[in-house]
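Q: Based on these hints, arrange chain B on the given structure of chain A.
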Amino acid sequence: MAGIWVFAEHKEKKIKRVVFEILSEAKKIAVSKGEPLCAVLFGYGIKDLSPELAAYGAEKIFVVDDEILDSYSNESYSAVLADLARNYQPSIILGGATAMGKDFLPRVAAKLDTGIASDCVSFSVDEDGRVTFRRPVYAGKALIDVYCDGMPQMATIRPNVLDLAEPDSSRKSEIIEWQVSQDARKIRARIKETIKGASSRPDLTEARIIVSGGRAMKSADNFKILYDLADLLGAAVGASRAAVDSGYASHDMQVGQTGKTVTPNLYIACGISGAIQHLAGMRTSKCIVAINKDPEAPIFKIADYGIVGDLFKIVPLLTEELKKILKEQ
Amino acid sequence: MNIIVCMKQVPDTETRIKLKPDFSGIETEGIKYIINPYDEFAIEEALRIKERFGQGQVTIITLGPQRATEALRTGLAMGADEAIHINDPFFEGCDQYLTAKALGRAIKNIPYDLILCGRQAIDDDSAQVYAYIAEFLNLPYVSFVIKLEISQDRKSLIAHRVIEGGAFEVVESPLPAIISATKGLNEPRYASLPGIMKAKKKEIKNLTASDLGFAEDESGSGGSKIKIKKYYYPPQRKPGRIIEGEPEDAVRELVRLLREEAKII
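So the protein lines, in turn, are chains A and B. As numbered in this note's numbering, residues 1 to 329 make up the first sequence, in order. As numbered in this note's numbering, residues 1 to 265 make up the second sequence, in order.
To be clear, the hints were calculated from the coordinates, so they are not data collected in a lab.
Now the stretches of chain B that chain A is said to cover, found in silico as 3 or more residues with beta-carbon under 8 Å:
1) 143–152
2) 245–254
3) 258–265
Note that beta-carbon positions come from the ideal geometry of N, C-alpha and C, so glycine has one too.
The following block holds chain A by itself, in its conformation from the complex (with noise of 0.2 Å):
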């Protein structure tokens, strides 16, 4: 058993920042095992994609080059990955906690009959040579450190929470294709069509900076002025439980216990009080800016930054100083 794989996951050719993160954490690992580092690439006409995933240290890369990965299904991509992890024995198999990852990483764990632990925030080396991998748990109320009793060691990792190391495009990788097998190629559940998000902007969970908005945004068209912000940032647009219960806001945005945990740069909170399972949900963000009438709003425990006052008068403020300070840069 050898090998640390990292799941090269990709949209439209360009390969998830979360997959340099994981490489850039697990070569750590491999050079501390004496393992080789390798990046799985599925897709069709993706061998192009190789160099960049050496240059973040892959030493091999498995490349299975097929129109049928062409189009993503869990049961097409568990059976191909699980077919590879059969023949190549790698003792570990690291992946993002995207929708991609977390959809079809549990079955390839399911058919190598070993276990996966979900949305790692971290991971090392323990005593015996086993992978410790640390995860939230009750949104982010606790954390707790697991490992994995089984073969290989599975892990689905949370974008955004590890370093990049710096790329070097010197590095050569030695490229293994693989062939699909005709078991892999039965799709029971097939994808009709890819329904774009009305936004462009980038997801909660992938995104460096989150504006979010609570009850005391008052209506959905208030909103306005957080999208605004965020627009001019690259940032994404996150809601209160509150927010979306009265309807201000898409289910897709809300952070927290019932909805998403993040962890970007900076979480700006606009009239969000801060109830615990909110909390939950943005507490690991680096920096946290939050703008409330309330001053004994719970928010303001945590937040690194906090503006007491109007936040329909403040934000529109704080859209307007960036904007002067971009435009310097």
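A: Relative to the frame of chain A, chain B by itself:
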């Protein structure tokens, strides 16, 4: 249309998590338990499908300690027809792999066209039980479903699956299949008073580890694949500061701090 809903009883979202002194788990005293909110969407969807077709059976199933019976009673009061409780100290501390194995073995003995689950339990946040069940029972699945339609002939489904950035995939699958429900699929009903009265009289079928073919010398945590070493509290955040002054000045100071101190913008 026979539908099985897998559900879990979890601490309420308002729960403050307190860890045991030895960090081996959480203190459960005083916790208010609820049906996992994502599982409520699954139950509601099952009831709506049954109502739409005017026939069928909704069976709810859970693996959990004795207290989980309350969650099953609530599910029955919402309108589920049957309830199964996998209730055995054997399963204490078991992981998602073993939970799915037990659920899969119980489900195998019931006729079904569709299995509904919540996208994840809001305690362990793993989002994997449905995938393991699907593999153990050799079924297709669609996860994170926000819209579900069953064909008139009850042989296939179309599901809208939420992906990144507000986009979604429209997935078609033959039945039987597994669906994991996410928020937005529906608005779960409250149990009616007659429903609650009726649910009290319904029998809950109990299953033990040996009923499901687990050997006595195994233990639930021993058969698990993911083993917990230790619990932690999240790191405390350093106290922040309130920026005083008129809105214009406060905003200017905030932007300066974000650039010069936090170095984010």
